[in-house]
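J.: Read top to bottom, the protein sequences are chains A and B. Quick note on my numbering: the first sequence kicks off at 1 and runs consecutively. Quick note on my numbering: the second sequence kicks off at 1 and runs consecutively.
In case anyone wonders, no lab produced these hints; they're calculated from the structure. Since the model is a prediction, treat every value here as computed from it, not as a measurement. One thing to keep in mind: the hints can contain errors.
Stretches of chain A that chain B covers, calculated by requiring three or more beta carbons in the stretch to come under 8 Å of a beta carbon on chain B [said to hold, decoys possible]:
{"#": "1", "region": "1-9"}
{"#": "2", "region": "46-52"}
Taking CB as the label site, the calculated pair distances span [unchecked claim]:
{"#": "3", "chain 1": "B", "residue 1": "E104", "chain 2": "A", "residue 2": "R34", "range": "56 to 62 Å"}
{"#": "4", "chain 1": "A", "residue 1": "Y49", "chain 2": "B", "residue 2": "R297", "range": "38 to 44 Å"}
{"#": "5", "chain 1": "A", "residue 1": "V161", "chain 2": "B", "residue 2": "G127", "range": "30 to 36 Å"}
{"#": "6", "chain 1": "B", "residue 1": "D95", "chain 2": "A", "residue 2": "Y79", "range": "43 to 49 Å"}
{"#": "7", "chain 1": "A", "residue 1": "G44", "chain 2": "B", "residue 2": "A238", "range": "40 to 46 Å"}
{"#": "8", "chain 1": "A", "residue 1": "E9", "chain 2": "B", "residue 2": "S398", "range": "33 to 39 Å"}
{"#": "9", "chain 1": "B", "residue 1": "E355", "chain 2": "A", "residue 2": "L158", "range": "55 to 61 Å"}
Pairs of lysine-lysine residues, derived as DSS-like cross-links and limited to a Cα-Cα distance of at most 27 Å, are as follows [stated by the list, open to error]:
{"#": "10", "chain 1": "B", "residue 1": "K195", "chain 2": "A", "residue 2": "K16"}
{"#": "11", "chain 1": "A", "residue 1": "K50", "chain 2": "B", "residue 2": "K386"}
{"#": "12", "chain 1": "B", "residue 1": "K220", "chain 2": "B", "residue 2": "K195"}
{"#": "13", "chain 1": "A", "residue 1": "K88", "chain 2": "A", "residue 2": "K48"}
{"#": "14", "chain 1": "A", "residue 1": "K50", "chain 2": "A", "residue 2": "K88"}
{"#": "15", "chain 1": "B", "residue 1": "K163", "chain 2": "A", "residue 2": "K16"}
{"#": "16", "chain 1": "B", "residue 1": "K163", "chain 2": "B", "residue 2": "K220"}
{"#": "17", "chain 1": "B", "residue 1": "K163", "chain 2": "B", "residue 2": "K195"}
{"#": "18", "chain 1": "B", "residue 1": "K220", "chain 2": "B", "residue 2": "K386"}
The beta carbon of each residue, even a glycine, is placed where N, CA and C say it ideally should be.
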Amino acid sequence: MDLAQNILEIIENDPKIDISEIAALTGRSDEEIRDCVCQLEGDGTIRKYKTIIDWDKVNNGFVYAIIEIKVSLERETGYNVVADRISKFPEVRSVRLISGDHDVSLTVRGKSMKQVAFFVAEKIATLPQVQSTATHFVLKTYKEDGVILHETEHTERLPIVA
Amino acid sequence: MKQSIQNVSRLLHKRQMRVSDTVQSVPPSGIRRFFDLANELEDVISLGVGEPDFVTPWHIRESCIHALEQGHTSYTSNQGLPELREEIADTFLRDHSLHYDPNEEILITTGVSEGIDLAMRAILNRGEEVIISEPCYVSYTPTVIFAGGVPVTVATGIENDFKVTAERIEDAVTEKTRAIMINYPNNPTGATMEKKDLEEIADVATEYDLIVISDEIYDKLTYDGKHTCFSSLNGMIANTVLFNGFSKSHAMTGLRVGYALGSSDIIGAMTKIHQYTMLCAPITSQIAAIDALRNGRAEMERMVREYDRRRHLIISGFNKIGIDCFWGKGAFYAFPSIAGTGMTADEFAERLMLEKRVAVVPGNVFGDCGSGFLRCSYAASRDDIKEALLRIGEFVESI
C-alpha cells in the first residue's frame, strides 16, 4: 500500500500515535514517516487532529442541532457566498450543501437549547439570502465520525486455538 | 463395596477397548495442555489464537439476520446453495482465470477442516501415503490417519524460509504415495511460496501422478508479493483439490463455511461422504458467504491492511528484543526462534504463560521441525501485541 495512504489510515483512527510506532507498523524509518506527515500537513491533506468526545457523558455538555436552510440565490452570488458567511460563526460546527427540500444543512452547537434557538433566530434566519430554517435538536448521538458511542458488542475468544 | 485393583484395571482396559485402535494411535493435540493452562490464569494476553480478532463485518452479520427473518432455516442441497457455488465459480474465473463447473466441481463444506477430512477419505485406500509438509496445521496428520492412510511428513526449515522443496517431496515419494498436502500461506510459519517453487512441486505431482491437496485458506492474507493458486499452474487443475473458505479472509470462523474445488470424480466422491455425514453446511452461513463474496472486498482489504501493520510491529518487535524472527509474508503468524535461549519451545511457552501471562503456542505442536520456535498470532490488537512484546522482552532478560 502507498505509504501516505497507510499513514492517513493509521492516524485517522489514532491521531496521538507516535512517529516511531507508525514507523514500526509500516516497516519504514522514523525519518521517512516524519517527512511524509510533514508533507501531508503542509499540502492540507491533513487538516486538523481531532478528538471525538461523547459530550453526553460530561455535565454541562453541549446541545447540538441540525439546521436545514432554504436559500434564495441572487444573480451574482452562488451558494458559496452564504455558506462562507454562515461558516464563520463559531457556533456552527459543519456546513453542507445538500440535495432535497432544503439547500444547506448546518450542525450548530450551544450550551442550551435556548441559546441554539436564539442563535438560529437572530444570526441565521436574519441573513438576507435565508428564506426559511428548520431546526432539529439532537437528542442522543449513537455514532460520530465512524465511531459508535454506545458500543454494546463484546466478543470472547478462546485463548488458544490451532 | 471396595473394588480390587485387579477389577479396576480390568475396567480401565475394557474402557480403552471401546475406542478404536486408529483413534487411540493419534496422540492428543499438544495445544490442549496450553489451552487448559491459559484457562486457569487471569489477565492472559493471548497470541495463541488462530482466528481473526475482528468480528465478522456487519453487512455479513446483517445478511444472516435477514436470512433468519426470511425463514431460511432449511437444509440446502448437499453440494451447497447453487448461488454460492456460482459466486465461487465467478470469483475463480475473475481472479485466477480458472473454470470450475458449479454443478460438479465445487462442494460447500462446514469449514475447510471438514473438507480436508472428506478429501482424505475420498482418495485414500488403506495404507496409502500422503506427503505433508511440516510445520503444519494440527489436523492434517490425524485426518490422514483417521482415513486409514499413512502420513509421511517432510520437514521445512528457516534456512529455506519454511518453503517445502520439490526435492524433499520427491525423496519422500514411494509406490504407496497418493497425495501431497501443502498449505501456503502457512499456518504456523507465515511462509508463502513463489510461483516457480510451486511449479517444481507440480512437476513432481505430474511425474508420479499424485493429487495435490492445497489448503489456501490464508490466500487473501498475502502481504508481500502475489499469491499463486496451485490449480492455476499448468495442467494442475485436474490434479488439485483446492480448499478455501471465509474464516480468515472475512473473519467468519464460527460460521463454519468453506469450499473444495476439484475434478468432478473427487468432488463427487467427497459429496457422497458429505451427504451421509454432514448433509450440508449450515444455510445461514452459506447465505453469509454469498454476501461476503458479493460485498465483502472493502472490509476484507481493510482487515488485511491492518494485519500487515501488525506484522511489521510484531516481527520487528521480536527482532528488537533479540529474538530472531523470520519475515513471513502471509497468514497472521509470526514464528520467532527461541533456540538461543537454551529452552525448548514447550518450556519457554509454559514459563512465559505462568510468569508473564502471555499465551503463545510452541512450534513443536505443528511438527518436530517446529521445535525451537513459537507461533505468535498477530490477529490481536496492537495494544496487546505491544504489551506482549514488552513482557516477552522482560522474560528473556530474566532467564
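J.: Evaluate each hint against the coordinates.
T.: Hints, one by one, checked against the model:
1. Counting residues of the region 1-9 of chain A whose beta carbon lies closer than 8 Å to any beta carbon of chain B gives 3, which meets the minimum of three for the stated coverage.
2. Check result for the region 46-52 of chain A against chain B: violated, 0 residues qualifying (beta carbon to beta carbon below 8 Å, three or more required).
3. Under the hint 56 to 62 Å, the C-beta atoms of E104 (chain B) and R34 (chain A), about 57 Å apart, fit the expected range.
4. For the pair Y49 (chain A) and R297 (chain B), the beta carbons lie near 30 Å from each other, so the given range of 38 to 44 Å is not met.
5. As the Cβ distance of V161 (chain A) to G127 (chain B) is approximately 32 Å, the hint placing it in 30 to 36 Å holds.
6. Checked against the hint of 43 to 49 Å, the pair D95 (chain B) and Y79 (chain A) passes, with Cβ atoms roughly 45 Å apart.
7. Distance hint check for G44 (chain A) and A238 (chain B): the Cβ-Cβ separation is about 57 Å, which falls outside the suggested range of 40 to 46 Å.
8. In this structure, E9 (chain A) and S398 (chain B) meet the distance hint of 33 to 39 Å, their C-beta atoms being roughly 37 Å apart.
9. Under the hint 55 to 61 Å, the C-beta atoms of E355 (chain B) and L158 (chain A), about 22 Å apart, miss the expected range.
10. In summary, the hint linking K195 (chain B) to K16 (chain A) is not supported, as the alpha carbons are separated by about 41 Å, beyond the 27 Å threshold.
11. A threshold of 27 Å between alpha carbons decides the hint, and for K50 (chain A) with K386 (chain B) the separation of about 24 Å falls inside it, so the pair holds.
12. Between K220 (chain B) and K195 (chain B), the direct Cα distance comes to roughly 16 Å. Compliance with the 27 Å bound is thereby established for this hinted pair.
13. A threshold of 27 Å between alpha carbons decides the hint, and for K88 (chain A) with K48 (chain A) the separation of about 17 Å falls inside it, so the pair holds.
14. The suggested pairing of K50 (chain A) with K88 (chain A) holds, with an alpha-carbon distance near 19 Å, which does not exceed 27 Å.
15. At roughly 40 Å between alpha-carbon atoms, K163 (chain B) and K16 (chain A) are farther apart than 27 Å, so this suggested pair is violated.
16. Proximity of K163 (chain B) to K220 (chain B) is assessed by CA-CA distance (about 18 Å); at most 27 Å being required, the pair is judged to hold.
17. Taking the CA atoms of K163 (chain B) and K195 (chain B), the gap is about 12 Å. The hint holds against a cut of 27 Å.
18. Between K220 (chain B) and K386 (chain B) the alpha-carbon distance is near 25 Å, which keeps this suggested pair within the 27 Å criterion.
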